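Trainee: Chains as they are written, first to last, in our numbering: chain A, 1 to 399; chain B, 1 to 399.
Some clues are possibly wrong.
Identical chains share a label here; the pair holds if one copy fits it or two copies do between them.
[Claimed, not checked] Taking lysine-lysine and the PhoX-like style, the derived pairs with C-alpha atoms no more than 25 Å apart in a straight line are: (1) K393 with K365; (2) K204 with K266; (3) K393 with K363; (4) K372 with K334; (5) K393 with K153; (6) K118 with K92; (7) K50 with K290; (8) K84 with K118; (9) K153 with K27; (10) K244 with K165; (11) K372 with K290.
Note that these hints are calculated values from the structure, not bench results.
Please read these numbers as outputs of a predicted model, since none were measured by experiment.
There are 2 protein chains.
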Amino acid sequence: MKELLNGTISSPLGFKSNAMHCGIKRKRPDVALIYSIVKAQAAGVFTANKVKAAPVIVDMQQLRGNTAQAIVVNSGNANCCTGKRGERDAWKVVEAAARCLDVSKADVLVASTGVIGKFLPKEAIIKALPELSAGLGFDKAQETAGAIMTTDKFSKQTAVEFEIKGKRVTVGAVAKGAGMICPDMATMLCFVTTDACISAKALKKALASAVDESFNCISVDGEMSTNDSVIILANGLAANELIKQGTPEWNNFTAALQYVCLKLAKMIVEDGEGATKIIQVMVEGAGTKKEACQAAARIANSLLVKTMIAGENPNWGRISACVGASGARFAENKLEIFLQKKVVYKNAMPALKTSETLIRLLKEKNINITVKLHNGTYSHTIWASDLTAEYVKINTEYN
Amino acid sequence: MKELLNGTISSPLGFKSNAMHCGIKRKRPDVALIYSIVKAQAAGVFTANKVKAAPVIVDMQQLRGNTAQAIVVNSGNANCCTGKRGERDAWKVVEAAARCLDVSKADVLVASTGVIGKFLPKEAIIKALPELSAGLGFDKAQETAGAIMTTDKFSKQTAVEFEIKGKRVTVGAVAKGAGMICPDMATMLCFVTTDACISAKALKKALASAVDESFNCISVDGEMSTNDSVIILANGLAANELIKQGTPEWNNFTAALQYVCLKLAKMIVEDGEGATKIIQVMVEGAGTKKEACQAAARIANSLLVKTMIAGENPNWGRISACVGASGARFAENKLEIFLQKKVVYKNAMPALKTSETLIRLLKEKNINITVKLHNGTYSHTIWASDLTAEYVKINTEYN
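Build the full structure now, drawing on both the sequences and the hints.
Mentor: Structure representation (structure tokens):
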């Protein structure tokens with residue numbers, strides 16, 4: 001597997017896109033179209049929130065058909081908590097895009113990100129669709145990545161390629177961050193494109209596994225959005241032999257997919273609202289996978305840990321308090337805590353005499369917190385951002 | 001039941017206290033002694049954190065005897081994550097206090113609040129004990145309340161009285177806040193005194209119930225301390241007939257205890273680090289008590305809800321996202337959300353046309369968020385502070 005320089009959603013064969021300003025936001029591009037020149041196998045993973053935005057409800061229904069050819073994405077409005085009218089609005093956009101692109105209505109997906117509880121300005125989107133469709137190109141991925149950004153400070157794209165029996169297969173992806181911000185509140189979106197030839201069933205399984213090991217392992221503020229969506233289109237133009245589950249080819253494909261998802265997930269953490277650090281929280285030796293996840297999540301979501309890292313402060317007592325509160329089982333005299341790979345707590349005692357080295361190590365941008373529970377063989381890793389006054393400022397000063 | 005003007009832990013008969021500076025902190029009073037002139041029935045409720053501070057471990061052991069006569073409290077050091085040495089240090093303080101006060105070693109409790117992972121400067125405390133004991137008085141409650149403060153901006157005391165068959169019974173209490181701050185990190189402490197004549201068993205049950213309905217219903221930053229302790233001493237000097245469980249007298253006593261606990265709990269929220277608002281989160285109509293608690297906690301601990309209230313921002317979408325993420329069951333078209341008693345979400349749609357009234361109501365200090373799930377009969381209320389840049393500043397800028 002090789003990562004491409006400047007890889008995008010148009011790195012795989014046959015994927016065009018376009019973006020423009022339609023009027024939902026004041027000035028910035030706010031609508032984008034992603035399009036495969038041939039019908040593609042498709043799968044999606046969506047928010048576990050019981051309150052699901054209208055586009056999520058529509059896409060879940062559309063993806064029962066296992067194919068798609070286009071995705072219409074808008075920023076500035078989440079079309080969430082908008083009831084039946086919100087769903088009708090999303091369907092109107094689907095229908096209009098199908099007409100413009102001359103594709104089946106069943107093959108159009110939608111995604112929205114922005115404020116909750118306002119009706120979608122669907123007319124603005126529908127009015128923009130003819131121009132968006134006409135201008136589709138293989139060279140518009142950069143603009144597309146920009147149009148789905150909200151308070152993201154940089155666009156997030158990547159692509160990798162690998163070979164299947166002499167055929168080159170490429171996987172590209174674009175994402176926007178999980179800042180959960182207003183006026184552009186509340187969503188992580190990711191669109192993956194690939195020219196791999198693969199069944200929808202295998203595609204779905206590979207995506208679910210990749211999301212589990214990437215987007216489900218990051219924490220900016222512990223919030224769960226109503227709009228989170230990861231969608232993949234596989235158009236088969238690489239002309240490789242059909243990838244089947246459990247084969248070495250499937251393993252390669254899954255690894256490639258996981259690579260792009262994890263890379264974008266980490267970029268989302270790096271670009272978290274107000275974030276200055278990337279914290280890797282590793283919990284090892286848990287009695288169950290669930291306990292490993294609980295302990296890692298408790299640390300990664302802790303305001304005190306996040307502010308401590310922002311302050312470059314080696315106050316590891318905040319970490320031990322989180323582990324103790326997490327519900328994970330351990331014996332206190334076996335618990336070990338490491339900061340930047342230096343042991344700070346061991347044998348139920350402070351382990352480090354002088355902390356000057358540690359304070360220097362905490363000035364780095366990448367921070368590692370490792371907790372060894374010594375109670376089993378399960379482990380879990382979460383990437384998290386730190387918490388700064390800037391985050392609070394962004395989420396307070398709205399109106 | 002009547003609330004006393006300027007009620008303190010010395011409002012009930014027979015409780016003396018004293019406080020002074022012993023040298024753990026640079027200048028402020030940092031050690032206090034609470035003392036009953038006769039041996040009292042005693043009970044405690046302690047942190048559910050698996051990592052328990054040494055004084056918590058010592059007190060849990062001491063309270064198996066059901067009696068106590070004195071409590072030594074220090075601020076500036078939590079004596080937590082200090083292993084066997086930490087426990088030995090706490091026992092040394094217990095022994096020294098017993099000698100000074102000429103009481104049984106089995107009747108001395110200890111409590112600590114401050115930084116985790118540093119050994120207790122026990123010599124400083126032990127050296128102060130003779131002066132602390134000699135100066136005990138019925139007029140020192142104010143100093144005592146001050147000495148257990150950390151970043152609290154005001155001291156927290158109250159007392160109520162009620163009658164049992166012509167005998168006046170008084171319940172007083174003092175608390176320090178749950179700011180979870182460094183250098184004085186990580187603890188909510190509350191000491192309740194009463195002259196009621198009651199068995200330790202009934203006392204324990206009444207305390208557990210009162211704590212459940214007060215200190216377990218507040219959220220400043222969602223963190224669980226290693227030192228949280230609520231301790232009650234009942235010395236029987238009111239000479240009332242012994243209070244037995246299930247009697248009208250027991251109900252009166254429990255109501256009084258709950259009143260003082262809830263009053264102090266709300267004061268802790270009001271004094272939360274950086275807090276500008278008190279948010280009352282009420283969840284009604286849940287299918288189970290657990291679901292009501294989950295939904296209320298998810299809202300009360302949400303960074304986005306807390307920053308939204310700090311910003312006086314009616315962006316209720318953040319509340320619906322929390323409810324959906326909480327695990328509580330509900331039908332989206334039956335869910336109702338109220339801000340300041342105004343319905344903002346109903347029938348799966350935004351319910352309020354003009355929000356100018358709402359924006360004005362959000363400028364108040366006391367904020368009410370009510371969520372009706374319409375899925376059962378269980379409800380739960382949590383009091384929470386908002387989240388401001390000041391909180392982050394306090395918890396970041398340490399060294």
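Trainee: Checking an output row: K372 and K334, CA cutoff 25 Å. Within, between, both or neither?
Mentor: Answer is within; shortest intra-copy Cα gap is 8 Å, inter-copy 45 Å.
Trainee: Evaluate K204 and K266 at a C-alpha cut-off of 25 Å and name the case that applies: within, between, both or neither.
Mentor: within (22 Å within a copy, 49 Å between copies)
Trainee: For the identical chains here, do K393 and K363 meet the 25 Å Cα criterion within one copy, between copies, both, or neither?
Mentor: both (23 Å within a copy, 18 Å between copies)
Trainee: Is it within, between, both, or neither for K393 and K365, if the alpha carbons may be no more than 25 Å apart?
Mentor: both (22 Å within a copy, 19 Å between copies)
Trainee: Using 25 Å as the alpha carbon limit, work out where K84 and K118 are close: within a copy, between copies, both or neither.
Mentor: within (13 Å within a copy, 58 Å between copies)
Trainee: Between the shortest in-copy and the shortest cross-copy C-alpha distance, which are at most 25 Å for K244 and K165: within, between, both, or neither?
Mentor: within (14 Å within a copy, 82 Å between copies)
Trainee: As a check of your reading, is K393 near K153 (CA-CA no more than 25 Å) within one copy, between copies, both or neither?
Mentor: both (16 Å within a copy, 23 Å between copies)
Trainee: Is the C-alpha distance from K118 to K92 at most 25 Å within one copy, between copies, in both cases, or in neither?
Mentor: Within one copy only: 17 Å inside, 63 Å across.
Trainee: With identical chains treated as interchangeable, where does the CA-CA distance between K153 and K27 reach 25 Å or less: within a copy, between copies, both, or neither?
Mentor: Classified as within: same-chain Cα gap 16 Å, cross-chain 45 Å, threshold 25 Å.
Trainee: Measure nothing new, just compare the shortest in-copy and cross-copy C-alpha distances for K50 and K290 to 25 Å and report within, between, both or neither.
Mentor: both (21 Å within a copy, 17 Å between copies)
Trainee: Between the shortest in-copy and the shortest cross-copy C-alpha distance, which are at most 25 Å for K372 and K290: within, between, both, or neither?
Mentor: For K372 and K290, only the intra-copy Cα distance (15 Å) is at most 25 Å; the inter-copy one is 31 Å.
When each numbered hint is compared with the structure, no violation occurs for any of them.
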